[in-house]
Structure formats: C-alpha cells, structure tokens
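Residues per chain are reported as follows:
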Amino acid sequence: MTVDERHTDVTDVYSADEMMTVEASRALAGVASCFVGIGLPSTAANLARTTHSPDLVLVYESGCLGSKPDALPLSIGDGMLAETATSVVSVPEVFNYWLQAGRIELGFLSAAQIDRRANINTTVIGSYDDPKVRLPGAGGAPEIAASCGEVIVIVRQTRRIFVDRVSFVTSVGFGDDPGDREKFGLRGRGPRRIITDLGILQPDEHGDLVLTAIHPGVDVEQVRAATGWDLRVSDDLRTTPEPTDTELSVLRHLQSTMGQR
Amino acid sequence: MAAVTSLADAVSEHVHDGDVVALEGFTHLIPFAAGHEIIRQGRRDLTLVRMTPDVIYDQLIGAGCARKLIFSWGGNPGVGSLHRFREAIQDGWPVPLEIEEHSHAGMANRYVAGASGLPFAILRGYAGTDLMGVTDTIRSITCPFTGEALAAVPALTPDVTIIHAQQGDRAGNVALWGITGVQKEAALAAKRTIVTVEEIVDELRTPYGAIVLPGWAITAVAEVPGGAHPSYAAGYSVRDNAYYQHWDAISRDRTAFGQWLLALIDEHAAAEAAR
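Chains A and B, in that order, give the protein sequences.
For what it's worth, this note's numbering labels the leading residue of the first sequence as 1, then goes sequentially.
For what it's worth, this note's numbering labels the leading residue of the second sequence as 1, then goes sequentially.
This is chain B alone, in the form it adopts within the complex (with noise of 0.2 angstroms):
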C-alpha cells in the first residue's frame, strides 16, 4: 500500500546514490517537481532513463547527478538542444556521461517488457541503423515460428519510476488522463515507485478513460500542487511555453546555469528556514 508522504521524504526514503530512476511524462505530467528535489537532495551517479530527456533531464546532468542515460531522444522540445545534456556528452561536464541510446519504439517496448515480467522485448525495429552497432543492448532474434529478424531489447526495470499524476486519494490509488505516454508502464516496470499529484482528494472524479493506478503498486503519493510546471497537468495547469524557450539561454552558459542552481537550491532552504 502507498504511503502518503512528503516529496522530500519520498526522494529520501526511495531514491539513492547510484540508482536506475526513471522520470517519466511525455511533454505532459512531467514530474519536475521531484527532479528538482533529487537535485537538492544532492544524490550522485544516478543512472538516468526517459524517452524524452527534455529541460528536467538537462537540469539533473548540468547539477552532475547522473553518470549515465537510457534514453532515445533529448532536446528541448519545440526550442532546440539541451546544452547541459551536449556539454556533458561532449565535453564530459560537470561530470562525464555515458549513454545507451535507443529509438523510442525500443524505449517503450522495454518498458512494456519490465511491467510484464520479461526479460526482453521483441519489435520490428533499428534494422539497417547504425544505433545496432553502437548499442548494445539492441540485438537480432529469429521469430521461432516464421523465422523472421526481428529486434530484441531487454526489459528496463528501473530502481524507482517517478511519475507525475492529476489526482491520489487517501489510499495511495493515483489517476491520470490526457497524454498518458509510457507512464503506465515505466511505474509497473520498476521495483519502486514514487507518484506526485496535483491533489489528494477523498474520491477519485476522473474522466472517462483514465488511468488509475492501485495504491498496492505504488511506494509513495506526495501531494505537490504544480509539481509537473513548467509541463502541465491537464484540466490543472497549462504547458508554460515560455519557460522551455527561456531556458535556453540558461542552457548555453555554465555561469547562468550555475546561478539557477544556486537559486534552485537557496529557494528550498528559504521554505525550509520558513517552516
């Protein structure tokens, strides 16, 4: 069953040095919130895994929490590159940064082999690319029944999945709806899994279709109102557009990302001193 907590204690309790963490949310629901907190926590060779590494992913590799990615595509989505992101590949700053790179068809299947208890995953996929030889967890198997080449991609099963919800109730059981995209999967796939929501309410009122997940798959609900911004929270908040097109030039320069860091990091022991 899910203990209702705070984020802080949450990213204590569940997220350690040298941990898989996934942060999941496809431009939606994405948890920054909580990313934000695993950077003032101050944890260390985090191996870092998301389909999309967008501005929350470059915020975590500028602050050199991680020594490595899983991913299949960083940038800034509809803005450009992530310089935190390029500077850490290229120039092995703050810290150097491994990757293992994937497509996303690979991202998602591997997921979807981690939530249902297999070792891998089969998919139609990478044939001819050069990202066979540079990866090596992509490799060929003949299908046994029509002897068709197929990719196969071991199943991701990250430490702990941290995802971002609209509503939790007092049970731990969580709801989200709109874009859903791998969210689903990344929390079943992972041996721990901490889910933020915009807020804890007695009874879930959810939209037709919504995803709701069990309270008994769940580690830890924190209650963090606009924990997804500047990404956005359907019927909540809106995407805060100009946030990714401002973080740009935060981007590019080691000084201007140093002082968001710092303001980043003062900001919380201001709430804390405030407590």
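Isolated chain A (complex conformation) (with noise of 0.2 angstroms):
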C-alpha cells in the first residue's frame, strides 16, 4: 500500500505547526543519525524516516539505537522504540558510548526559551533560587548540544520564547561570545537551524542568530514582532516550500497514530 492510497483526505490548507514540523524533516535529508527527543523532534525525525530517509538512523535516551516505529511513541520509552530498534543498550552506554564519543551526527531539541545566540533554557523562567516556573529540566539536552555533530532546534516563535537572554543556560548553543563552544571544549559544530513556525534562524559566523528564511505567507515584521531581540534579516531571505500532499497526508497519518501501540 502506498501513502497515498492510504490516505485522500488531505487538502491544500495547513497549520503552522505542520509547516515547521515538515520542514524540520526536509532538514534532516542526508543525515546517518539523529539523537531524538520526545514531541516535535520525535515527529519531525519519524516523518523524515518515513519520506524521504528511510535509512536514517533514530537514537533515544532510552537507550533504543534505530528504532523504527509505524506509530508515534507518547515517550521516550514506548514499548516499540525498543521492539523495532536494531539494539537496545543501557542508559550509561547510550551517553558514554554513542553520544560522548561522537557517533551521532545531529541532535535534534526543542526549548522553552532560546536566546540571541541559541542558548537554550529547559530548567526555570525566573530566579532559579525563587522560580516563576519550575521547567522539567535538562534531562540530556545539555550533552546532546554539545556532543552531536551539530543541532537543530524546533520550536514555536514568539517573544515569551524567543528572549534576548535565557533566564538559565541549560544547553549551550554559543555561549556569551565567540569562540565560546571551543573555550568549554564543545565537541559538535551547535545548532545549525532554529526551524519555528514561522521561519528559520541561523547562525552567523560569530553565532548570532539571523532570520535565513520564512515560511509562505508570513510577513519579516511578524517574525521579528515574535523576536524578543532585534532580529537581523538575511540579505539572502527565503521562503520555504510549500508541504506537499505526501509530506502531510504521511505526518498526518503519523499524529493520529500517536501512544497507539
């Protein structure tokens, strides 16, 4: 059965959210291995696995290394992340061996805040000694940030996220100044590509981001209203591709699938 036999209820009208998960996909072309957390990234790396890389190689925390699974997992545990991985190692051997030694291409996190220069908060808004929210935490951001290839980031733009500064540097993307990845000993190149829904921020060559493209229909003045900082434009602006009937009937048929098995 192919995908699009599976599914024709698919039209031309499409939500934001799709649009950044869609092309956090496509970001992913021509990737070996990608360390996946739970949420967009899951979606977003298992739609890839499904178009057009089906020989890309999913890593979860949980220690499941290619994983392949039909349905979307509710966590980083499901019972078929395992089922279908090609090895299940422990928890120790998937940081120490996989992650730490540098075998795993890209990294693949979201955020609660991201500032100017890709640092990215997951622990508290606030004084972390008096929170205004107590966040989940690092969990294992701050290593897959600095020992994957390089990272990509998917998450939601707007200026209660996009801030100037994080409140807490719980994953370093590139530090207070240039040259600071190479000063901590990072391994990884950093995040490469802040895929949002409403475009795609990049770092310049001293790690300050830039708006590099947009998503059709959104407008600079929009992105840079939802931009806690004053947002450089690039000279060089794009606007992405629309999703096509695939992408969105395969990542659909994904989402409605998702804690199913």
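If you are wondering where the hints come from, they were derived from the structure by calculation, not from laboratory data.
No false leads were mixed into what you were given.
Computed list of lysine to any residue pairs in SDA-like fashion (alpha-carbon distance at most 25 angstroms, straight line):
hint, chain 1, residue 1, chain 2, residue 2
1, A, K68, B, A210
2, A, K68, B, A242
3, B, K68, A, Y128
4, A, K132, B, E98
Interface residues of chain B toward chain A, partial, derived using beta-carbon atoms under 8 angstroms:
hint, residue
5, F26
6, S72
7, V112
8, Y126
9, D130
10, G178
11, V182
Heads up, the beta-carbon is just placed ideally off N, CA and C, and yes, glycines get one too.
Combine both chains into one complex, guided by the hints.
Right, here's the structure in full:
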C-alpha cells in the first residue's frame, strides 16, 4: 500500500505547526543518525524516516538505537521503540559510548526559551532559587547540544520563548561570545538551524542568530514581532516551499497514531 | 541471598525515614507499586533519587514523603508538567523540596561510579551551562594524561534502590529485559536493593540479552504482578497512556490530589481487612 492510497483526505490547508514539522523533517535529508527527543523532534524525525530518509538511524535516550516505529511514541521509552530497534543498550551506554564518543551526527532539541545566541533553557523561568515557572530540567539536552555533530532546534516562535538572554543556560548554543564553544571544549558545531512555525533562524559566523527563511504567507515584520531582540534578516532571505501532499498526509497519519501502540 | 518476601514487609524492613531512595525505571519497568507502598507506610524526609522523576515521584512528593530530590528531568512523559513537583519547588507544598539537579549523562555516570565502587565519575558534560553554578556536585577536573578539562560528579550510593523486573526465581535471582535504563547500575550502587517482579518462576525464562541480577546482590524480592502499572513490563503488559494523561488533572489540583491519596490509602486498608 502506498502512502497516497492510504490517505485521501489531504487538503491544501495546513497549520503553522505542520509547516514547522515538515521543514524540520526536510532538514534531516542526508543525515545518517539523529538523537531524538520526544515531542516535535520525534514527529519530525519519524516523518523524515517515513518519507525521504528510510535509512535514518533514530537514537532515543532510553537506549534504543535505530528504532523504526510505525506509530508515534508518547514517551521515549514506549515498547515499540525497543521492539523495532537494531539494538537496545543501557542509558549509561547510550550517553557514554554513543553520544559522548561523537557517533551521532545530529541532535534534535526543543526549548522553553532560546536566546539570540541559540542558548537553550529548559530549567526555570525567573530566578533559580525562586522560580516563576519550574520546568522539567536538562534531561539529555546539555550533552546532546555539546556532543552531536550538529544540532537542530524545533520550537514555536513567540516573544516569550525567543528572548534576548535565557533565564538559565541549560544547553549551550554559542554561549556569550564568539569562541565560547571552543573555550568550553564542546566538540559539536552546535545549533545550525532553529526551525520555527514562522521561519528559520541560522547562526552567522559569530554565533548570532539571523532570520534566513520565512514560511509561505509569513512576513518578516511578523517574525521580528515574535522575537525578543532586534532580529537581523539575511540579505538572501528565502521562502520555504509549502508542504507537499505526501508530506502532509504522512504527517497527519503519524500524528493520528500517537501513543496507539 | 535475597529474601523472597511481600512488598509490604520489604518496604517496612528496608526503607526508613530519612533514607536516600532511588526508584529507577526509564519509562519501562517503573516500580509504581513499591512507590505506593512507601506512601501508604508514611515514610518521611526521604532523599529521592531518579533520572526521570515522573508520575510516581509526583505522587511521593505530593504525599509529603520527600525532603530532597536528586534528578535530571522531572515531567510527565508525553503529557507535560508534574504539578506536585512544581508546587513543592515553587511554593514548598506540602513540604519544602530541596533539589540537586544534573543532566542525564551526569546522573547515569554517578550511578556507574556507585556501582563500580568509585568515589566519582568523569564525563564530557555541563561545560558552559548554568547547572555548574547551581549544583555543588558538579566540579571540574583535569585529565592527568591529556590536560583536558572534564566534569566530575560524585558517586550515587542510595541507601535503597527499588526496581521492577519481569521475573524472579525462588533463589532471588531476577531478570529484566527490553529497555533496562540505568537499573542495573542503580541496583548495584545501593546499600540495599528491593526488586518487585511480575512473577516468581521455578526457572528464569529470559530472552537473549536479558539482564540477570544474581540473588546474592539483592536484598529482597517481592512478587507484585502489574507492579509497574501505569508503566509497563515488556512481555507482560502495555503502557497505560491514558493514566498518564488523566494524571495531569489530578496533579493540577490539591483537592483532587488529596482525594486520590485517600483512595490509595483506603484501597490498601480494604485489602488488609479482607486478608
């Protein structure tokens, strides 16, 4: 059964979240291995694997290497991730032998806050000792951000999330100053693309984020208004292609399977 | 040699007020029933340890069992926040909760050091993050061979580690398979280890690649079918995703949580009375 036979209800109307997820999946083209967090990253990675990148190796921090789920997991430890994996290893092993040793090409992260230098906060909003909002914390992210060959961040763009300076650096993007990644001994290249529901931000050579693409129907002022600093716009600003019928139909099918197995 | 006993007796004998207690499980094989037994027996002032404190830790924290949490990610997987955990940290309710916060890589290596009988572990981690400034148990160390700066984290050696496994035998050997997370390291790092199992069998029948922990490395084994629910035990049960989703509403509201807690304790009293 082909994808097109399975889904006949696709319309040319799509949401901003769908655009973001589709663009994130496209960013995985040509990538060999991807360390995947749950939520939007997992959806995008599975969309990539189900469409253009059938050989993409998905690594989940629960220790599943090469999972090939046919439904979207609700958690990073759903049974099907283990059942469909090439290998299931312990948590110390996945972090030490696979991530820390530099075997994973790309890390896929989300954020509660992200700043102009792509530093990520998933710990607290407000002060650490007296937080306004206590968030889940670091999980695997600091070392994914440090040790994967590169990082893609997928996150919705609002002024609350895109802040000038994060309240807390949980995971390092480009630190405070050019050269900080080298100073900290971080081996990966860091975030290369921040994919949002409005467009794409990429670091310049100093690690400052620049708007490099907008999604169809989005205008630059809208993106700047959703950003908590004076966002620079690339001279070569492009518009991302709309989702294809195949991308949308596979994405919607995947989402309908969330936690179903 | 492990004693094969009841869960109530294992908790009563081996989990004490003020202990450092790790209930480990990475989505799979989470020892929920043991956590509920700790709540029922009214343990207090525990230092709870867990890489991924999720719903069972939200329940323990909301019930006032803990004074400190050592962790790396606290959330309801696939659902959202843990509201009892948040309220304890933000508002000190029902009791203030001290936190010691790490990353997964740091926590995993802390258990490895504990299981290995080493005082600390090293890793490439935390560099440039604000965790270094707020967590005293993250330090820097220079490699004596290369001069490279690395992170150092102290061993975790819980007073008690509790895990859930698929099978145990009458000699107290236990077997677990599927996603086994950090349970082997957490068990071997602890002074005492309690394992709840889906079933006790005459002879372990394990798939290739299963972890078998020998009975002489375990303190107590208790047969608790479904003891991981709403988490799951591969080969025995599936994850009850709806429970995790329903927990959100209970956890959000002190009154709803209070009712849940009373029901948990009443359920136990009814079971005792029926004995």
